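A.B. asks: Chain order of the listed sequences is A and B.
Here the first sequence stands for residues 1 to 566, where the numbers follow full-length UniProt numbering.
Here the second sequence stands for residues 1 to 566, where the numbers follow full-length UniProt numbering.
Everything labelled a hint here was simulated from the structure, so no lab data went into it.
Note that the coordinates shown come from a computational prediction; the quantities given were computed from them, not determined experimentally.
Mixed in with the good hints there might be a few duds.
Taking lysine-lysine pairs in the DSS-like style, the calculated list, with each CA pair at most 25 Å apart, reads [as the list claims (entries may be wrong)]: (1) 246/B x 272/B; (2) 246/B x 49/A; (3) 49/B x 246/A; (4) 333/B x 49/A; (5) 49/B x 333/A.
2 protein chains.
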Amino acid sequence: MDVKPDVNGVVNDENRNHQPATIAGPTNPMVTPLLTDLYQFTMAYAYWKAGKNNERAVFDLYFRKNPFGGEYTVFAGLEECIRFIANFKFLKEEITFLRETLPPTCEDGFFDYLQGIDCSDVEVYAIPEGSVVFPKVPLMRVEGPVAVVQLLETPFVNLINYASLVTTNAARHRFVAGKSKLLLEFGLRRAQGPDGGISASRYCYMGGFDATSNCAAGKIFGIPIRGTHSHAFVSSFMGPDEIIEKSLISHDGSQTCEDFTSVVQTWLSKLKRLGILKGIFGETNQSELAAFISYALAFPDNFLALVDTYDVMRSGIPNFCAVALALNDLGYKARGIRLDSGDLAYLSCETRKFFQTIENEFGVPGFGKTGITASNDLNEETLDALNKQGHEVDAFGIGTYLVTCYAQAALGCVFKLVEINNQPRIKLSEDVVKVSIPCKKRSFRLYGKEGYPLLDIMSGEDEPPPKAGERILCRHPFQESKRAFVVPQRVEELMKCYWTGNPDKERAELPTLKENRERCAQHLDQMRPDHMRKLNPTPYKVSVTAKLYDFIHFLWLNEAPVGELQ
Amino acid sequence: MDVKPDVNGVVNDENRNHQPATIAGPTNPMVTPLLTDLYQFTMAYAYWKAGKNNERAVFDLYFRKNPFGGEYTVFAGLEECIRFIANFKFLKEEITFLRETLPPTCEDGFFDYLQGIDCSDVEVYAIPEGSVVFPKVPLMRVEGPVAVVQLLETPFVNLINYASLVTTNAARHRFVAGKSKLLLEFGLRRAQGPDGGISASRYCYMGGFDATSNCAAGKIFGIPIRGTHSHAFVSSFMGPDEIIEKSLISHDGSQTCEDFTSVVQTWLSKLKRLGILKGIFGETNQSELAAFISYALAFPDNFLALVDTYDVMRSGIPNFCAVALALNDLGYKARGIRLDSGDLAYLSCETRKFFQTIENEFGVPGFGKTGITASNDLNEETLDALNKQGHEVDAFGIGTYLVTCYAQAALGCVFKLVEINNQPRIKLSEDVVKVSIPCKKRSFRLYGKEGYPLLDIMSGEDEPPPKAGERILCRHPFQESKRAFVVPQRVEELMKCYWTGNPDKERAELPTLKENRERCAQHLDQMRPDHMRKLNPTPYKVSVTAKLYDFIHFLWLNEAPVGELQ
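Input sequences plus hints: build the corresponding full structure.
C.D. replies: See the structure below:
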C-alpha cells in the first residue's frame, strides 16, 4: 500500500512516523490524534477504568440523507483517514496536555496506555473514494479496540463530511454545466479557512472540475491551475502612455513589432469606424486599454482579459478585440475574455456576435470562437438559468457557492457502534431515521439488465452474498411493507479492506486523485438518469436482507424500554 | 509586537523565519505564500514586465453586506494575517514550482525577483480584532509595492472571511441564548475540514462561547474544553453484570463503598416505588444503567450523562437519578444530563420536575438544580423557539449550524485597489453596491450623547479628523440625498498600524484571544439595541465626508465610458 507520487502531501512530524507503514501523514499537519472531541478521551478513560478498552468493537460510518435535495452523494476523504491512522501516535507533549486537561483523579496508568496505542490493531473497510453512495449504507466499517476506534470518530467524520459534500457539489455543478464546458474552481478566498480552500480544490477536481485557481492545491495534488488578472490590475494603469517597453516579437520569431501600443490603437480606430459596430462604443477606458496591452506584452500566448471593470460592451470588449487583433497580426491567438458581472447570458451572446463580426469583417479565421469565461457568484441554479436562457459561455469560474456548499453547508455523517465483543448493538431514537442498523455487515450493489445499479443491499457478515442470476428478497430496513424480489445481472461488493495490521490480509491500494476522479465520472455516468435529475429525482433504493431485517426488529424490541401504564 | 504565550501556534518552517520579526508563523502551516490564486502571480509578472511592480499601492479590505440578515459583523482573523506577512518568504521549491507553472516565456529575472521579496515594505492598518464593524468601512488598509500586496489578497481575504463570519455567528447565538447560559461549541465533526473545525473553536470563543469540545483547539488557543460521553459508550455495555470493579471511595476519602452498583440498584427501586413517579417508567435499559455506573466510577466528580440513547423519561432520567443519588450518598454532586434528541423544551421541563421531585421527596438539597445540557442541531432559530416555549436548559452544545455558518456559509470580503502612485482609483460596476470607494482613507466612529455609536465616517487621509463637539456633515457615499449633520460626543479612529517595516513607526500589539473576546463582548454591549435585534434591525449608518463624497463622484464620471448615440 503506497501513496502515489502525484499526491505529494506534506509528510508528518518524524516523531509520529514510528510505524513500518510507508504512508505519508495527513495533508494538513494539524490533523493529529488531539484533533478529536474531549469526550473521546473521557470515554477512553472510562473504558480503560472498566477494563473494557480492548473489547473489539465495530463502528459504521454513514450518512442519513443525500445533500442538496438530490438522491446521490459522492464519497471522498478516505485517503486522508488512512494517512491519519497509518501515523496515529501520541506525542509526549500531547499526553502531557491530556493529563492537565482530564480531571486530576484520572490514574497515571491510563496515560501510559494512551502513550502506547497506535492503529496496528484497527481494520478499515471502505467503499472506494469517488464512488456514488447512498444513505444508511456504511461508507466505512472500522473495527478494533473500542477505546482506540472511539478516538478516531471525530477526525474520520471531519475528514469525510466536507470532502464528500464538496465532491458531490462539484459533481452536481458538472451535471448542470454539461460535459463540454470547462469548469474552474475559484473558491479559495471565500472558503471556510485555509484548508477549506485547499480541500475544496482537491475534491472539486475529483467531482469533475478541470482546474483550480489555488496554487498551493495545484502543487500538493497536481491539479491544473488557471488564472489571469483581476480588476485591480486594470485600474492600476492610468493610460497607454505609461507603457515604456512596447516591442513584441512575433510568435514565430521572424519579426519584431517595435510599437505594439500603436498597432493596438490602429485596430481600435478601425473597429470604431466599422459601420456594423457603430453606436456600440465611443471612447474606451484608457486604464483598461493600457492594462490589456501590458498583459498581452507579458503573456502574448495566453492573453485572456477581464472586460467588466468599466463597461463590458462600451469598453472591455472593444479594448480586448483591438489587442487580440494586434496579437493576431504577430501570429498569436488570444485566449479570450472573462465576464465577472452583469447579465452573463446577454453579455456572452453580444460578445459572441462582436467576435463573429470581426471574424467576418476582417477575415480572421476562428476569431468568432474566441473563448468566453464567466464568473460572479455562479451556482447550480444560475448555471441552469443560463442554460435555459441560452448563452455563449465556454468556461465557468465558480467560487463561493461551490466551495462553501452554500446550498447546504454540512453533510451529517455519523459513526455508530454496531457490534462489540461479537454482540450486535443498536442505537434507538424517537426519530426512525436515527435508528442505527446493527451488526457487522457487508453491502452489495445489484445491477439490472440495462447496466444501471438497481439498489444496494446490506447483509450480516456471515450471510451468503447475493449472486448474479439468483432471486433475492430486498427489504426496506424499517418499513415492513416495502420489499421487492430482485434478480441481479451483476453483484458488486461495496467495501474493500484499506487498512489492517494483519500482514496476512490484503490491503487495497489507495488510488491516485486522478483515478478517483475517473471513478467518480464513471459512477455518475452509469446511474439511471431519473436518480440524477435536478427536479424531483427518484430515490435510489437501499435495502437489507430478510435475515438482517428480522434481526434489526428483534433487537429493537429487546432494547426499547417498556412503559408501565397504570 | 509579540505574540502572547497563550496563542501557542505552530511555529512555521525554519527556512521562512529569516526575518528579525519574532512573530510566529500562521497557526496552520499550510498557509504559505503559495496559498493564493494563480492570477496574483500572472499579475505580478505583468507588473514586473511593465516595470510597475514597485509602484506604491493602497488596497482596502472590506465587505459589502452584513451576514445572517443582521446589521452588524464582528471582525476577526487579523492576527493570522500579521503572522502570515511577518513570515512571508518563498521557499526555493515554491519558486521552482511557479517556474514550471507559469508559461515558459516568463523571464528568469522575475523568479529572482520573487525569491527576494518579503513584506518589510508593506504596511497594514486595521481595526482591532473582535470589533463590531460595518459594510464598506475598510477592515484593513494594506499599502506597499503593488506586486507584493497583490499576492496577499487571496490569503488575507481567506483568513478574514471565515473568521469574521463564524465570530459573528457565535455572537448572534450568544445574543439569542442570553448571558446566563453556558454555550459549548461542538462543531469539529461537521466543520468544513480540519482547520474549519480548529478555527471555528477559536473564533466561536472570541464571539462569546464558553468552551469547545475540540482538544486540538483547546491546546493551541487555551480555550476551555468540555465533553463527557456519546451514545456509543452507552450501547457498548450489555448490563450491570459486566462491571467488575465496583468500589468507590467517598468524596472526602473517609469511607469506601464496596458495591456501588448495588447502591444504584437500590436507589432505582426506591425511585420506582415512589408514588409521585408512578407510571413514568418501568424497567429501564440495562446497557444504559451499566454505562452510567461505569462513567460515574471513572468520573465521580464529573458525572454528566447522555440520557436519550433509548428513551429519555422512561430510561435515561431514572437511570441518571439513581446513579446521581448513589453518588450523593458518597458526597459527590452529579453534574447533570445531556439531551440530544426529541422536544428539548418539553423534555427539559419534565426533567426539571423529576429533579425537583427527588429534591423534595428524598431531601437532597440542590438536586432540583442539577444541570441540563441540550444539543442536537441547534441554531439561532431553535434557541429563539426554545426561549418562546419556555425551557429548563442551562447549557447548549451547538455544532453544525454554528461552525459551518449554515444560514449563510460565506462572507464576501473583497480587496480593492484604492490608490496607486498617489493616484486614487475606483472600480465601477453596473451594480452601485460594487463600486469601490477610492483614496487612501481614514475612518472614525462617532459616538452620541447616550454613549452609543452613531455612525462611521470615512475621510481622505489628509483631511482634518472629526472632533468631539464639532458639527460635521456625514454623507451616504452613493446616494446624494442621504446626509446628516452630526455633533459627536466622542470620536474614535478605527484603524491602527499593525504592521510596518519602518522602525520609526509604532506598531500596535496583537492582543490575546481573551482580550479580543472581551473587546467583542464590550462592543456588542455598547451598540444601540435596535441595531442588534433579530427581527428587522435598524441599519447602522456608514458615511463619507463631504470632500470625499465630491471626489468619489468626480472620479466616477471621469472613468465611466461615454456612449455615442447615433
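A.B. asks: Take the hints in turn and mark each one as holding or not.
C.D. replies: Now the hints, each set against the structure:
1. The hinted pair formed by residue 246/B and residue 272/B meets the criterion: a straight-line CA distance of about 23 Å does not exceed 25 Å.
2. Taking the CA atoms of residue 246/B and residue 49/A, the gap is near 11 Å; set against the 25 Å cutoff, the hint holds.
3. A hinted pair counts as satisfied when its Cα atoms are at most 25 Å apart, and residue 49/B with residue 246/A qualifies at roughly 11 Å.
4. At most 25 Å may separate the alpha-carbon atoms for a hinted pair to count; residue 333/B and residue 49/A meet this at roughly 20 Å.
5. Note on residue 49/B and residue 333/A: the hinted pairing holds, with a Cα-Cα distance of about 20 Å set against a maximum of 25 Å.
The structure is consistent with each of the numbered hints, conforming to all of them.
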